[in-house]
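Number of protein chains: 2
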Amino acid sequence: MTIVLYELVGADEKRPFSPHVWKTVMSLAHKGLPWRSAPTRFIEVPQIEGGVSKTIPVIRDGDKIVADSFAIALYLEETYPDRPSLFRGKGGEAMARFIERWSQTQLHPFLGSAALMDIYEMQDGANKPYFRESREKRYGKSLEAVSADRDAHLDAFRKRLEPLRDMLNYQPFIGGQTPFYPDYIVFSAFQWVRVSSPYAFLADNDPLWDWVNRCLDLHEGVARKTPTAA
Amino acid sequence: MTIVLYELVGADEKRPFSPHVWKTVMSLAHKGLPWRSAPTRFIEVPQIEGGVSKTIPVIRDGDKIVADSFAIALYLEETYPDRPSLFRGKGGEAMARFIERWSQTQLHPFLGSAALMDIYEMQDGANKPYFRESREKRYGKSLEAVSADRDAHLDAFRKRLEPLRDMLNYQPFIGGQTPFYPDYIVFSAFQWVRVSSPYAFLADNDPLWDWVNRCLDLHEGVARKTPTAA
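Going down the list, the protein sequences come from chains A and B. In terms of the numbering used here, the first sequence opens at residue 1 and continues consecutively. In terms of the numbering used here, the second sequence opens at residue 1 and continues consecutively.
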C-alpha cells in the first residue's frame, strides 16, 4: 500500500523544504517504499489526521500513523526489515540519536537563521503572518534582523562541520561505504537551505560538496530533482 | 593469553594519561579480556615491539600486534565476537568514525591545550625536553602561552558539548541504554584531563557529569581507580 507523507510546503507545492520531512523522504527512498505526497502548509499541520502531531513529518501507512522523523525511521526499520537497513543494527540505531542531536544543535540554528527570510518569502498569503509572528516571538527580533546577522556567523558554522569533513578522509558516508539514516539526518539540513535559499552556506571549494553531491545522486536523484532557490 | 597494552605514562606509572590508550583500556574492560600494562614514556614509543608505530596505544595479543585505538577496537570486535560488542553491528562501526572525528576535532584541541602544562609537569627528566620541544614546535608558542589561553576558550568548548548533553535527554549512553565504543571515545578525552590536570573543564552543575560518572563506574570502576590530578 502506498504510504502517505505529509510534507511541509509553501506557495509552491513542488518545493518541500522541511529538513525533518527530507529525512523521511530519504528514508522512504532508501527502503524503496512507494509513497505519495500530501502537501501541507504550516497552519494546516495541527489538522493532519485529526490532529495527531504539532509538527511534521507525519506518515500514514495503511492504518498506522506515525509522527516525528526519528520515530518514522525506527518504524520503517521495524516494519520493513527485509528492505535495505536504515541503521544496520542496534549500535547504529543508538548512535543515530547522537548524530541527530549534533545536527540539531550545531547545524540547524545557523541554517534556520540564514534561510529565515527566504523561507518566509516562500509562504503563501495565509501562512506569511503565522510564520512571521511565530518566528519573531521565538527569536525575539524581526525576521529581517535574524537573517541580516548570518554573515557574522558563517565562519563559525563552517568550522563546526569539521567532524564531517574529517570523517570523509576515512569513508565516503557516515554509513561507511554506503549511506544510511545518519547521512540523511545531516544531508537534510543542507537540503532545507538548498531548496529555500540561495545563500552559500558552504564555500565552493569545500570538500563536503563531494558528500553532498553523492547524497543528491542517491535514489534516482530524489533530492536533486526538487527545484532549488534561485 | 594476557594481552599486553603499551600505555603512555609520565614519571608516575600509575597515572596513564593518553586519551587514545584510555579508549583501549575501556575496550579491553568492556570485552572482559585479561591484560597487563607495559608502561611506556614518550621517548620510548618508537621502540615498542621493534618500532611498529609512532604512536600509542599498541597491543600485543599472542603473536598479533595492533596499533591505533580504532584499529584495536575493530580487532577486538572481530577476534572476540562472543564477548560484549563494542559496536553492535556494522552501522555502529561506521558511525563510530564520525564520533571519533567529532571528539578529535571538537574536544581534543581545547582539552589538549588546557592540560598542556600539567602534562609537561607529569613527565620525568628525560621526557620533559622532548615534550616541550615537540609541542612548542606544533603550537608555534611556549607551553606556558598555550595553557594561559585556556580560560578564553572555555565557554566555546562547553558549548561544543551540547550534542552530547542534548542526547542525554533521550538516552543514558551514546550506545543507548548501555555504553559501547563511542562512549569510550568521548569519555577518554575527559579522562585524559582528569588524570593530568586539575583544570575544571566542566562546570560543577553540568548535566554531563551524570554521564561521566556513569562511565567512571563502568567495569569495576577501572577509570575511577586511576589517581586524578590534585
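Check each hint, because a few of them may be wrong.
Said to hold, decoys possible - Here are the simulated lysine-lysine pairs, BS3-like style, with alpha carbons at most 27 Å apart:
1. Lys137(A) - Lys159(B)
2. Lys90(A) - Lys31(B)
3. Lys159(B) - Lys14(B)
Claimed, not checked - Just a few of them, taken from the derived set where beta-carbon distance is under 10 Å, the chain B residues facing chain A:
4. Gly51
5. Lys159
6. Pro182
In short, the hints are calculated from the structure, not lab data. All C-beta atoms in this analysis are idealised placements derived from N, C-alpha and C, irrespective of residue type, glycine included.
Hint-by-hint comparison with the structure:
Distance hint between Lys137(A) and Lys159(B) is fulfilled; the C-alpha atoms sit about 24 Å from each other, no more than 27 Å. The straight-line distance between the Cα atoms of Lys90(A) and Lys31(B) is roughly 18 Å, inside the 27 Å bound, and the hint therefore holds. Between Lys159(B) and Lys14(B) the CA atoms are separated by roughly 32 Å; this puts the pair beyond 27 Å, and the hint is violated. Against a cut-off of 10 Å between C-beta atoms, the interface hint on Gly51(B) is violated, since the closest Cβ of chain A lies about 25 Å away.
For Lys159(B), the interface hint holds, since its Cβ comes within 10 Å of a Cβ in chain A; the closest pair sits about 9 Å apart. Interface hint status for Pro182(B): upheld, as the beta-carbon distance to the closest one in chain A is roughly 6 Å, under 10 Å.
When held up to the earlier numbered hints, the structure conflicts with 3 and 4 and fits the remainder.
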